[in-house]
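Colleague: Listed below, chain by chain, are the residues.
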Amino acid sequence: MGMPHYIYRVQSLRASPHTRNTTLVPALTTGHCMTLTPHPSPPPPCYHCGLPVPRAADFGVEINGALRPMCCRGCAAVAQAIVNSKLTDFYRYRTESSTTGRELLPEFLRRAAIYDNLDIQKTFVRSVAGTTRETSLILEGITCAACIWLNERHLAALPGVLSVQINYTTHRARVRWDENRLHLSDILEAISRIGYLAHPYDPDRQQQVLEQARKQLLRRLSVAGALGMQVMILAVALYAGAWSGMETEFARFFRWISLVLTLPVVLYSARPFFSAALRDLKHLQTGMDVPVSLGILLAFSGSVWATFSDSGEVYYDSVVMFVFFLLSARYFELGARTRAAEASEALVHMTPALATRLTAHAHGDAEEIIAVAELRSGDRVLVRPGETVPADGRVIAGRSSVDESLLTGESLPLTKDIGSTLVGGSINRVSPLQMIVERTGQDTLLAGMLRLLDRAQTEKPAIARLADRAAAWFVAVVLICTALVGFYWWQAGNPHWLQIIISMLVVSCPCALSLATPTAVTAATGALTRRGLLTTRGHALETLAKATHFVFDKTGTLTLGQLRVLDVITFGQETRPQVLAKAAALERQSEHPLAHAILDAAHDAPFLAAVEVVNTPGAGLHGMLAGSMHYIGTPAFLLDTANIIVPAETRLALQQSGHGVVFLASAQALLAAFVLDDDMRPGAHHLVQSLRAMGRRVIVLSGDHAQAVRRIADALGIDETACDLKPDAKLAYIKRLQHTGAVVAMVGDGINDAAALAAAHVSIAMGGGAQVAAASADMILLSGHLDNLTAALEKAGKTLHIIRQNFYRALIYNLLALPAAAMGYIPPWLAAVGMSASSLMVVLNALRLVDRQNTPAGHPTTVA
Amino acid sequence: MDIIYLLIPIALVLAGLMVWALMWAIKSGQFDDLEGPAHRILMDDDEVPPSVDPSPPPVEKNKQ
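Chains as they are written, first to last, in the working numbering: chain X, 1 to 864; chain U, 1001 to 1064.
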């Protein structure tokens, strides 16, 4: 740290003049993704990805008999590969644009080759027979069903590939190949040639368990459904017979058949309820499963008794339908959970953590790819641009800017020079670095954060679920009432006392109560998933609706985590487009994130070409523009190279804001200053406004410095901020809030937020953020649009409202029906009708949470 | 009405067959991907890409 930023941050004015590692960059003309002149009418979009085609681009591929425009070399290469494999039908079948093509980089091929290493293959490649191998791949870039078709055809045409199966729902592929004829890296390469990315993955145990649970539940559901239908047919006959008369011989026969059909449903399909109820009873809790099991057992045993004794009523139809409905609710719940697990797994990219170790040889260094776990302190490691730093250490060669935003919340990349410390988990952005490893494994900063996360997870406070609380209370009341009433009738000598008890238990059917929460939550989570907000834990919606304090991380959550030119200040005669054009001409030679920001801002500016551009990493660039020398960079750089002084008052004026600032100068005078900062995420303003309107408190916690936090907080109208926070400080802040009785919702994206996310009552992670953060969150915002979070809040409020409504209705129904049943006024058939009607009401009410198309937000949120 | 004593057992057998068929379907993965096959059926398999044997190279593999 303390090294000069190429992007000059006003408050750390310590650019040392000695660090001038000048290198000459040949002036190249970059081929794509830039605009020469503003064009009057937009040309047709890229045929492959649908993005606008830049004027300067001259890529075209002949597809289905016509020359199609392409936006970049990547798309053209992908399209050409598709044409070469004679799969152009893809363009006819597809219903969505494809993702923008990438050029195949040697870097990618090198990484793909890693997967041929037998040690690394161990975890995710299975040997089937002889040289036949099988693996599972996660595919990225699938936009519609035609993508599946394309991938299957393309892979099947590779010599040596034996079979390909792609699951459209999960975007997983299962590939079998002959190891003698091709390698796994060839398959990965073939997939990336047609514009998709494949990661081998190890279907981890948790997901296998979920998958098995899903199949098991589906089996139970099928049995309940198939046999339930038969029982219902017989029940209709029995009901009709009760009205219009039926020979007792047939009625008895039907009852016996119903008994035989119901038996497997009770013994097999309903087993999960019984085992959960037993578990609850052992721990002296009453969840929803106890009343459910009691209901099933009593209704069933009552019917069996009626069948054997040839008297009274049978409720076989109620039993099977009850089991069937409850199992379907559980099945959909499990389905939503499995989908969530799959999506978060896809986020995590199960790529093995690898490092490139350098070993000294007589003729230079040899590279060796090893697993991160094998790294020892003292090892020399090469970190290429785009790679993650594998362990904590120190730079010994090279110079680059490193992104630590996920670790620290710091929004700007830091320049790392020889001697700078590197933190494991940060990302190298610009040029290769050689580092010496100082700490590995459990000693690293990252491991420390993960330990913090583990602790926070175990201490997480939970809000008791509405359903369980209400159910326990309700069940106790019903059971006591029934026992008392039963005892009264028995002692009063009423011969029908058992029937009355059964009627009471059936009419008070816990069905409606037990369906109240799962149906509402399933409907709401389904609607939210379609909007890109994934719910990974069941309690999330209820807790979200009850949260009183909303805590946000800044970098990457309220902001995009990308630099943008906020302001251009000109000092001379030149206009804004002119200075932007000049800045862009120089910055085109740089890979720094700041350069991208300036190039983006200069998108509409006229095109200028710079020659003899010299890059001084960490300080600035200079080069010839229209015959004269121009400089762009920090004030120290301008002073050093061009002897141009940035006036102190300019500095002071910009100092207020806390942004990064870059200056542009000609050989004679200062021309302009570019103010850069992290851009606000769309929807942030609306979200904060609606939170405040709902009376929630909004707080920003950030690892970034005070001015940067202040700027965002002011723009959004947030008063409570805390800055320069380390992960443990964030965690402590959340816990302090919780001690005051607040229900805390935390929204974050980085590894530094993970512990705070785990500790909060309910947490939401950004989809593009760190895997650890996503893994410790209750919800994941895949779309990255904060507007969806606003929608989720409304939906959560509505869900809670509907759950409560369901409870109240069930309660009122019971208050009316129970006394009537207790007095023996309700015949058993009416009890069964009441039970079905109450369940139906609950399900229909919950269905209101499903988004109907073209329906606006609906009635205003009521949080009772 | 004695036919009932024949028809009901037949219904039971059919129900048993139904359960068996469902179990088979679950086991053989018929319920694993509920969306893909619906789209897949619309895509022609007629124009099979030319090379299942390695003779004409489908992609220029050694270009890079």
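FYI, nobody ran anything at the bench for these hints, they're computed from the structure. Possibly wrong hints are sitting among the right ones.
To list a few chain X residues with every Cβ distance to chain U over 10 Å, as calculated [to be verified]:
hint : residue
1    : Leu284
2    : Ile480
3    : Arg736
If you want a taste of the chain U side facing chain X, the calculated C-beta under 8 Å gives, among others [to be verified]:
hint : residue
4    : Ile1004
5    : Met1023
6    : Phe1031
7    : Asp1033
8    : Met1043
Here the structure is a predicted model, which means the values were calculated and not measured. All C-beta atoms in this analysis are idealised placements derived from N, C-alpha and C, irrespective of residue type, glycine included.
Colleague: Against this structure, judge whether each hint is valid.
Modeller: Hint check:
With a least beta-carbon separation of about 36 Å from chain U, X/Leu284 lies farther than 10 Å from that chain, consistent with its non-interface assignment. With a least beta-carbon separation of about 40 Å from chain U, X/Ile480 lies farther than 10 Å from that chain, consistent with its non-interface assignment. Once the 10 Å rule is applied to beta carbons, X/Arg736 is consistent with being away from chain U; the minimum gap is 47 Å. Nearest Cβ of chain X to the Cβ of U/Ile1004: about 6 Å, under the 8 Å cut. The hint holds.
Satisfaction of the interface hint for U/Met1023 is found here, the shortest Cβ-Cβ separation to chain X being roughly 6 Å, below the 8 Å cut-off. Interface restraint check for U/Phe1031: the shortest CB-CB distance to chain X comes to about 6 Å, inside 8 Å, so the restraint holds. The closest approach between the C-beta of U/Asp1033 and any C-beta of chain X is roughly 4 Å, which is under the 8 Å cut-off, so the hint is satisfied. Taken as an interface hint, U/Met1043 checks out: its beta carbon lies about 5 Å from the nearest beta carbon of chain X, inside 8 Å.
Every hint from the earlier list agrees with this structure, and none is contradicted.
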